[in-house]
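*Asks:* Work the whole structure out from these sequences, hints included.
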Amino acid sequence: MSGIIATVQAGSGRRHSEVAAEAPWVRATLIGVAALFLGITVLLPVSVVFASAFSKGFTPFWAAVSQPETLSAIQLTLLTAGIAVPLNAVFGVAAAWLVSRYDFWGKSALVTLIDLPFSVSPVISGLIFVLLFGAQGLFGPWLSEHDVKIVFAVPGIVIATTFVTFPLVAREVLAVMQAQGSDEEEAALTMGASGFQILTRITLPKVRWGAIYGVILCNARAMGEFGAVSVVSGHIRGQTNTLPLHVEILYNEYNFVGAFAVAALLASLALVTLLVKKSIELNAALKARRLAQRADHDRRSLVPSSLRPANALHPSPAPAPNTGH
Amino acid sequence: MSVEATHLVKSFGARADVAAVGGVSFSAPEGKVTALLGPSGSGKSTLLRLIAGLEEPDSGTIRIAGGDVTSVPVRRREVGFVFQSYALFRHMTVRDNIAFGMEIRKASKAAADARVRELLSLIQLEGYENRFPAQLSGGQRQRIALARALATEPKVLLLDEPFGALDAQVRIELREWLSRFHEKTRVTTLLVTHDQEEALELSQHVVLLNGGLVAQAGAPHELYDHPASPFVASFLGGANVMRSRAQDGREVSTFVRPHDVRLAKPQTDTSSLELATVERLARIGGNVKLTVTLPSGEPMSVQVSKLELDQLGISLGDRVMVDVTSAQVFVDDYAI
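In order, the protein sequence lines correspond to chains A and B. If you're matching positions, the first sequence starts at 1 in our numbering and goes up one per residue. If you're matching positions, the second sequence starts at 1 in our numbering and goes up one per residue.
Hints may be right or wrong, so weigh each one.
Derived BS3-like pairs (lysine-lysine); straight-line CA-CA distance at most 27 Å [as the list claims (entries may be wrong)]:
id	chain 1	residue 1	chain 2	residue 2
1	A	LYS287	B	LYS109
2	B	LYS306	B	LYS289
3	A	LYS206	B	LYS184
4	B	LYS265	B	LYS32
5	A	LYS206	B	LYS106
6	B	LYS109	B	LYS184
7	A	LYS206	A	LYS287
8	B	LYS106	B	LYS155
Hints listed in this document are in silico derivations from the structure and should not be mistaken for laboratory results.
*Replies:* Spelled out as structure tokens, the structure:
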């Protein structure tokens, strides 16, 4: 008995206790399988992209990237993400708030609708907008009368991207809100806070990690979206060509270095996004640790242990009373 | 400041036919602790949320300090609410949690800080200002939640199962602490609990609820000694129930509390006597719980002190005489 306790205590640091852990060969196998899988499906393809991009040296890479058509594609991709991501962040948080806080008729239908862009193929998502806003579409005649171009123009690309990436923020935030419940909001309400104060001071800070994660995923998908954008864009070079579409065009023209150069650029954007996410997380963790240390320090310096009230409720557990066996 | 509820009715969504609170009237005296006691599903938490304004009643009125607050929104009702989960703002420090209500009311930073220090000393957690809720123990969180609820000097303090999430030992310590705390603050307090011991120990007034209705209200000892119905008698004190039939055919229920039973060993020849048999015997601290089987075959719970048992010299399997010192008898209103 005492031996087990000693082992557990010895292991209760960063090290794993021998009692609770798997056998070494099990651990090695599991880690090995995971590493191998990750290597084949993620690391290898990404490195191939970069290797191919620089296969003929830096000059051809730079030539492909600094081409006016590529620059225009970069611009369009950033513009699309710049509009779609903030829109989805606002609507996603609003939808999650609505679904998690209120009961109303048709709520489950709404939740299903939020997921719809994920469950249909992106090509179909694109077609929906062609059918709605195209020349032969539902609003086509009205739009051409008023000289508004949506399909085969920038607005169509933005709308299709927003549609396809809508569930990302909503889903993440909804999961966090549902897991955390609404007790804190109700508590703030009893303390006199208004709806807006509750949103900005309680709810948003509470769900910020879910929201940030959702925004990052949304951004990654918005920049990389191919299917839906391909249908509505019309592939007009220098005008309605986003980075993913540009990669395809270059590839189809057997311009492999160019295709991989632009692909590497796109992959870098994704990597930068992930780095931003990681650094935000690290920052928050550091801040929390600093605060915890300061709190600890404050408490020690304020109340010397000798003067602290001998209170039964003090964190150090009091010995259990003898219940008389 | 007293709280008065009159004919409160509340039912939820699809189950409109089953009211969670089905016409409840009671009053909580000023400066006292009133317990809303009842089994789960009795509507006690809903009642508390109605008083706080977190739920809207279907009908009925709520008065706080004499004024009708039925249609006053939560944020202007000036109640302090402590949730069973404490609902501390996890992203804020202890200081910011307690100061939240004051900041909403645009109190100066200095005034808020002074009040935070005052409350922290009241709950004996000085120096914890910069902690986050995750860095506190359950009992500490509970006290912070209490301080936060009191920060804006509410008219009434509403506690929803305040000790529900704590382990047994901390719960008993906090219960005593809360009792002393209330003597200092004297805030009119409503306490929801399913634990009769908690209600009897902490409160000066008990409202016992059952199935969304008030079963009985009054001082704790009144309910205990003079239960108004079989439900009250059986809910408080874990009584033995014996059913029999009166001469006119109506059913009679007799409630006997385990500690209202005396046991004795027969001194004379036992062959002509009808005796009970000790079937089970469990020593719990200073008390002993026994189950005896009566001559009729019915089991009966008995509680005696350890000392008494040792003096009587009773052990498992003994045949004993049973004497009931006090019992409540209820006759059903309807004939069968």
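*Asks:* Please verify whether LYS109 (chain B) and LYS184 (chain B) have alpha carbons no more than 27 Å apart.
*Replies:* Answer holds: LYS109 (chain B) to LYS184 (chain B) is near 26 Å, not above 27 Å.
*Asks:* Just to be careful, I want the Cα atoms of LYS206 (chain A) and LYS287 (chain A) compared with a cutoff of 27 Å; is the pair within it?
*Replies:* Holds, because 16 Å separates the two Cα atoms, which is no more than 27 Å.
*Asks:* Is the hinted pair LYS106 (chain B) and LYS155 (chain B) satisfied, with a Cα-Cα distance of at most 27 Å?
*Replies:* 19 Å, holds
*Asks:* LYS287 (chain A) and LYS109 (chain B) were given as a pair; does the straight-line alpha-carbon distance stay at or below 27 Å?
*Replies:* 23 Å, holds
*Asks:* Would you check the hint for LYS306 (chain B) and LYS289 (chain B), treating anything up to 27 Å between C-alpha atoms as holding?
*Replies:* Distance of about 9 Å is within 27 Å: holds.
*Asks:* For the pair supplied as a hint, LYS265 (chain B) and LYS32 (chain B), is the alpha-carbon distance within the 27 Å limit?
*Replies:* 46 Å, violated
*Asks:* Would the pair LYS206 (chain A) and LYS106 (chain B) pass a check requiring their Cα atoms to be no farther apart than 27 Å?
*Replies:* 23 Å, holds
*Asks:* Holds or violated: LYS206 (chain A) and LYS184 (chain B), Cα atoms, limit 27 Å.
*Replies:* Distance ~35 Å between LYS206 (chain A) and LYS184 (chain B) Cα, so the pair is violated.
In this structure, the earlier hints numbered 3, 4 are contradicted, and the remaining ones agree with it.
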